[in-house]
Structures are given as C-alpha cells and as structure tokens.
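In order, the protein sequences belong to chains A, B and C. With our numbering, the residue at position 101 of the first sequence is 259, and numbering never jumps. With our numbering, the residue at position 287 of the second sequence is 1702, and numbering never jumps. With our numbering, the residue at position 282 of the third sequence is 301, and numbering never jumps.
Because the hints were derived from the structure by calculation, they are not lab data. Take these hints with a grain of salt, some might be off.
Claimed, not checked - Okay, derived cross-link-like pairs now, DSBU-like style, lysine-lysine, Cα gap no bigger than 30 Å in a straight line:
1) A:Lys260 with B:Lys1523
2) C:Lys152 with C:Lys321
3) C:Lys370 with B:Lys1611
4) B:Lys1701 with B:Lys1518
5) B:Lys1701 with B:Lys1523
6) B:Lys1611 with B:Lys1658
7) C:Lys370 with B:Lys1444
8) C:Lys152 with C:Lys99
9) B:Lys1444 with B:Lys1523
10) B:Lys1548 with B:Lys1611
11) B:Lys1658 with B:Lys1510
12) B:Lys1444 with C:Lys321
For clarity, every value in this text was computed on a predicted model and none was experimentally measured.
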Amino acid sequence: MFRNWEDNVAAAALAVVFLAVSWGVLARYVAPRPAVWSGEVASLGFAWIVFVGAAAGARQHLHIGVDLVTARLPGAVQRGIACAVSLFLALALAYIAWLAVKIGIQSLNRPTPVLRLPSSITHAAVFVGFSSMAVGALRDAITLYRGAKS
Amino acid sequence: QDLTLRVTHVLSTTEPMHLASERFAELVKERSDGRIAVEVFPAGQLGSNLDMYEQVRMGAPIVQISDPGYLSDYVPDFGILNAPYLLDEAGDFQKLLDSDWYKGISDKIAADHQIRVLTLNWLFGGRQIIANKPVRSPADLQNVSIRVPPNVMWIETFAALGARGETLAWPEVYSGLASGVVDAAEAPLSSLWGSKLYESAKTVSMTNHFIAYSGPIINESVYQSLDPELQQVLVTSAEDAGKYMAELVTQSQATLRADLEGAGVTFVDDVDMGAMRAATEVVYTKFPDWTPGLHDTVRALLDN
Amino acid sequence: MTDILPFLVLAILMVLNAPVAYCLAIGALVFFMGSAGVPVQTYVQRLVSATESFPLLAIPFFILAGVVMNEAGITGRIMKLADTMVGHMIGGLARVNVLLSTLMGGMSGSANADAAMQSTVLVPEMTARGYDKAFSAAVTAFSAIITAIIPPSIGLILYGFLADVSIGRLFIAGLVPGALICGLLLIAVGRISRAEGYPPSRDTPASWAERGRAALDAGWGLLIPVGILGGIRFGWYTPTEAGAIAVCYALFIGLVVYRALPVRRIPAMFREAAIATAVIMLIICAAQAFGFFLSWERLPGKLADTMLVLSQNPYVILLLINLLLVVIGMILEGGAALIILTPLFVPVITKLGIDPVHFGVVMVLNLTIAGVTPPVGTLMYTTCSITGVSVGDFTRKSLSLFVAMMISLALVTFVPFITLFLPNLVYGS
Ligand code: NA
Ligand code: NA
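Could you put the whole structure together from the sequences, leaning on the hints where they help?
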C-alpha cells in the first residue's frame, strides 16, 4: 500500500475522474440539476493522474529516452554518463517541485471557476510528482555510482 | 526602448477584439515615441485566458484582455459588471466606469492583487441564445439544456431562467450542439458566426442577457516601473482602442445578422425583456461576498 | 542567445539519453529561468495546462477501456472473429491491426488512445504468433494515424476552431484520405509480411458457420463501437464522455455478462491505465511548456515569413509547409504544433487561394505523422512504452510504412480533389 504509493494515488485519481465524468453524463438524464462541477473535478483529478502517475512510471523506468548515441559508447562511459545525467535530473526535478510550491502558495487565494476550491490543488500534484521523481533520479544516481565502484 | 509588452487574447484575427488590440499596439508605439513596443499574440498562442491573467498577476510583461468575471475572483464587487440584464443599453456602462465606485474597486485590485486595469470599455457585444426554437421568455427555457462556460455567474443566471446549464468545454460545443448533447448555446453574434454553430441550430433569439465588456490589464509593478507620462499613454491608448472596438462591434451587428440570415438563421427580436429581467433578479442575491448594498449602489449610478 | 539555449539544453540532454519528457521540460525551464521577464514559477502553469484540456481526457478513458476489454475477455473474442475472417491470409494479424484502427477511427478522435489500446491488445497477440515485436509496434503506431483523420477527430475540431473553418466540412473531408491511408498501409503491410514470411495464423479459411459463431460470441464487444457512435450521434454524450461510457460498458460486460472479470482485479487495472496515461501525458505537458518558449519568441512566425519570401506559388508553398511541419513535428508534440502554427499559416494559404478545408486535412495529417517520427513522437512513445520496444528498433522497422505515409501525404497535399469532392458534394462548393 505505501511502498508504491504513487501507483495507488494515480489510480485513485483516475477513479475519481472516471466517476465524475460518468456521473456528469448520467446526471443529464436522472438528476434535477446538471452536474456542473464534473468537468472541474475531472480536470483537477487529471493533473494528479499525470504527475503522480509519471512518478510511478519513473520508478518503473517507463519514460523513454533516445539511446541512438549513448548505446555506441563503452559500458563504463555509458554508466558514467547515466550517473551524471541522473544527478543533474535530480537537481532540476527538485527545482521544478520547489517552483510548484511557490506558485501553489501564490494561487491559494485563486478559486477554481465553479467549486471555488484553491487552484493550488493542481500545483500540489506537480509538487508531489516531481519531488518523487527527483528522489527517484537521486536513487538511480547513487545506484549507478555504487555499481561503477564495485 | 524601455519595455516590450505582449498583448494576448484567445480570439481569432478576424474578431473586433484583435483589431482593437492592434490599434492599441499602434497607439502605444506612436504616443510613446517607440519607448514601449507592443506585440499582439492572438488565438491563445501563449495560453488560455485564465493562464494569462495569472501570468499578469505574477509579474509577466503581458497585457491581457480580461473580463470583470476574472477580476471578481480577487475583488468580488467586479462581478456585478457581468451580471444579467444590468444595462438597458450598452452605452450606459460608461456611467459606471466614470464613477468613484469603479475607481475604488480598481485601486483596490491594483493595491492588493497587483492587477492594474487600464480600462474596461472594450465592448464585446450582447450575448444571444442560439437554439432550434425561439426563446421569448423564461417559459421557453424550462428544462432546455444550454451550454454555459464553467462560471458561477452563468450557471446561476441560467438556473434562474429555468434552463439546465451544461458546462461543456468550448471545443466540444460545436459537436455537442450538432448531436444534441445540448439544445442551445449562447455567445455574441461574432462568436456564433465564427464558431459555425448556425450549422446545427437555426434560431437566434436576441435575449441580450449579458452585455459583455472587457479591457486590458497589466501587472501593477510593471505599470509602476514606467514614468507617469508613459502610464498615461497606456491608459489613454487602451481607452481609445476600446472606443474603436465598440464602434466595430456596433457596426458589425448588421453585417453579422445578414451573414447569419444568409446561412438560414431566423432571428427572434420580440423577447420579453421584462420577464427575463424579473426572472434573473434573484441572481443578484447569490453572491454573499459582494459588499452589502452593492446592487443599489450600481443601480443608482446607472439610473442617474 | 536566449533563443538558442533551450534548444541546446534539449539537444544535449536528448543525446545523453535522458527521458524525452524531462529533456523538453528542462529545455522549457531554461527559458523561464532566462531574462524574458516571465516569472519563473509560471513555468509550472504551462506544464499543467494540457491537463486542463477536456478533450485530452479521452486518453485515460480509452486506455482504461482497452485494459478492461482485455481482462474482461472481450478483446480475445473479437480477435478470434478477426482471425476467422483474415487469419488465412499472409500477415493476417497485421492487416487486422490496420483495419481495426480504421474502424476505431469512427468512434475515437484520439490517435494516441487507439495506439495505446492496440499496443495492449494486439501487439502481445502478434508477438505470440511470431511477428517481430518492433514491427508490430510500428504497424500499431502508423495505423493509429488513420484514427486521427477519420471523424470524429480532435485534431480537425481544433483546426476548425483555430482557423475559423466549418467543422462539418472538415469531418467529411477526412473520410476519403482516411480510407486512402488504410489502403496504402494494407499494401505496405502485405509486402513486408510476404518478405518476412509472417505466416497466416490458420491453415485454411474458416467456414461461414464458424465465422457466424465467432461473430455471435463477440457480439457484446462488437456493440461497443455501435454504442459509442450511436450515443455520440444521438447526443447522449460528447466524444470525450464516450470514453468514460465505453469503460462503464466494458466493465458491465466483464462483470455481469461474461463474468470473466474478478472484482479484485479492478484496482490493478486502474493502476495500469493511470501510469500508461501519465507516461504519455508528461511528454505532452512538457511539449506544451516548450511551445510557450517558441510562441514567445515568435519562432514559428519567423519561419512562416521566410517561406512567403521564397515563393508565391501555392504548390511550392504547400511543399515548403509540409517539409517545415515534418521538421517541427520531429521536435514538437503534434497538438502543440497545431495550436501554434494554424493561426500563422492560414492567412498565408488563403492569400494564395488554397482551400482552408483542404489545408486543414493536410496539416492535421502531417502533424499526426509527426507522432511516429523520432526523436519526439507521441504515438511512437505510446506504443514503445507500452510494448517495451526501443525507439531505435521501432525506427528501423517503420521505414517502408513511413514511405506509404509520405505517399499518402503527397497525394492528399497535391490532389485537393481527394479531400474536397465529398464535402463539396454534401455542402455544395
Ligand atoms: Na492499429
Ligand atoms: Na515527431
């Protein structure tokens, strides 16, 4: 449950989006008033699917790169480059996570158009997702460094 | 050259708002002797309305054409400028812009939220209902499902009129109306024409439920970094471009109507404005954040 | 220098084999950290903007629908039916792959969703029957292009909105080009299958009685496209909502009708679909942020201006625009490129007397093809990430399919009759 928490959070967000949109359709026929909130809930949930799900994907190394050049280099050089790149990515991703905090705080008083919730709900998804991706990249860098030493 | 400003809006290059934005750019360049350069980015090239408003608020050197509805997220009283059946005729809006009340709310949003409203006199046009049947009174809207933007003012207004407001995304409106997900949509004539909604619905009722105004906003710190002379150039250029837009919109109504009629659209002019206004009166009580007595204040200014 | 730096960072990171989504995201970040005066934290806003697009929600829904149909035993039954129909032909399943995308084109507006679904559904089946996995992935990605051209099409709706062109006309204009691409891809796939010796999946053609039984057995699944198309047609739901309805329907069949779907499997299906969606969407989000940098510097506009200086001949300009789109499509996500470039090109082509309906199909087709060309191609990443095929292998196996697409693009570009005769027939010219 907690070990791969990103998977579960992203799946829960998908369930929320699915239920919101389905209810939006159903409400058109059975409810006294249309579910005007469903599009907004779907949009907020979508951000959580994407950014937290991306972190889950990163854990499983599903984000594809272009290996046309590096694949031609000697193994040791490949590992060295991969280690340096992972370290750089960890820094850049952590910086993006911090920017999400910054804009999230500035958007706390900005309400969403229909439900009047703080817009920062979306930025929080970026913070959670990119923090996790940064930690993952750092973990990769350490693993590669240890592997090169031994 | 002191500054490059990027003017952004989400409409196409044939709309009056784009022509007014270009006029604004020319006027600013001319009157500032080239010290301020202005470039126009139409059709949401830099992002959606909401995103660009936020860019302005956070300090980007952008001028975005904003409507009062967005400003009401920060200073709720702006919302009443967008309320249904507020104006008897479009020209009355100037009375509000000239008032101390308006100066008060614009100063407040500049001081507290970093948004400088240059003016709000850019007439976007009266919003009309397109459907496959005439809408003459609230009775014609009972349980009619109509597409509304995801915005509380619209939702409350059409709820008050007895309709079912569906918040479809704008890109889905065309197919939504064509297939019957919604029975009706509402927009100014220029957008009804531009988005080809008349291909699926053939009756436009001149309900004029909102008479929409908008205007350019800029970040307050960016504005204050200019010397007073250049600030004045921005404000007067914005006002003059707005007058130009109002002329364009007023002139284009007849042409648009002829174009729409040419495409097989029937117009309904005998809308019972009294009944529509009475039904939407309740909307003015739905915003607890408004200053108490706001409606009376604004009515007094208008009826004066 | 500020014009170049984001490109430079993007290129270096890409050469060093960093994930493409990160390359685009960090390239865009460099622009926001630069001196343009844009507050750096608004970068996050550009990153999330694609998740605010309601039509893009079709992606998770159709991915989820695919996962559910797999687990519910629906896909297997449709596969059996297809096998009785064309299984005896050489490269039978590859042909099914192309035909299925053409049929799916009638119910889905998203090429990505189609590619994702068939990557989960068809590619494992093809691999099991001896097809090269990279070839199967390539056929899936290339045939998904048909889905984006046959209506309903998110790309054509977007173009019609931006270019102020009748969406009804655009939709009808997409039908013949869609069929044309289907035909050319079938020919290409048939030739490759003969050369590689991909076997028929059965020794003799099935009897009509056997085909009838298979069709009845797959009946509930075959009703899905009918339900989707019918529901959209009669206005019960929008094309995006149809995705959610397809999931509901597939869950119903799996849980109630076939009783093949254990309830405890549902969380795992949601996990799988959410992660597959995220991997695709992260690239689209990052491309959107990078697109802000391009728009801000007016780079696409500068390119367009240069082009009009080069020539005033419509055919030369169409050729130039196509070449430019192919290049831009390599480094930019197709949807983002469409949003940025449509308002710039349409005034140019109308000045030269080119029909904007014709141009719309050309542009959407070109930028959808961009989805299968490296280094940046959303369709390619969708299929590669789901099937686990490397981009290098994918590219090597897609050469002759690419030739077929280029022939289609050339025909659609230089023979306006292909796109225009149907809409002119229906609406008058
Ligand atoms: Na396919
Ligand atoms: Na590409």
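To see whether the hints hold, each was checked on the structure:
1. A:Lys260 with B:Lys1523: holds, 24 Å
2. C:Lys152 with C:Lys321: violated, 42 Å
3. C:Lys370 with B:Lys1611: Answer holds: Lys370 (chain C) to Lys1611 (chain B) is near 22 Å, not above 30 Å.
4. B:Lys1701 with B:Lys1518: holds, 24 Å
5. B:Lys1701 with B:Lys1523: Measuring from Cα to Cα gives roughly 23 Å; hence the hint holds.
6. B:Lys1611 with B:Lys1658: holds, 27 Å
7. C:Lys370 with B:Lys1444: Holds, at about 28 Å.
8. C:Lys152 with C:Lys99: holds, 20 Å
9. B:Lys1444 with B:Lys1523: Roughly 29 Å between the alpha carbons, so the hint for Lys1444 (chain B) and Lys1523 (chain B) holds.
10. B:Lys1548 with B:Lys1611: holds, 17 Å
11. B:Lys1658 with B:Lys1510: holds, 14 Å
12. B:Lys1444 with C:Lys321: holds, 21 Å
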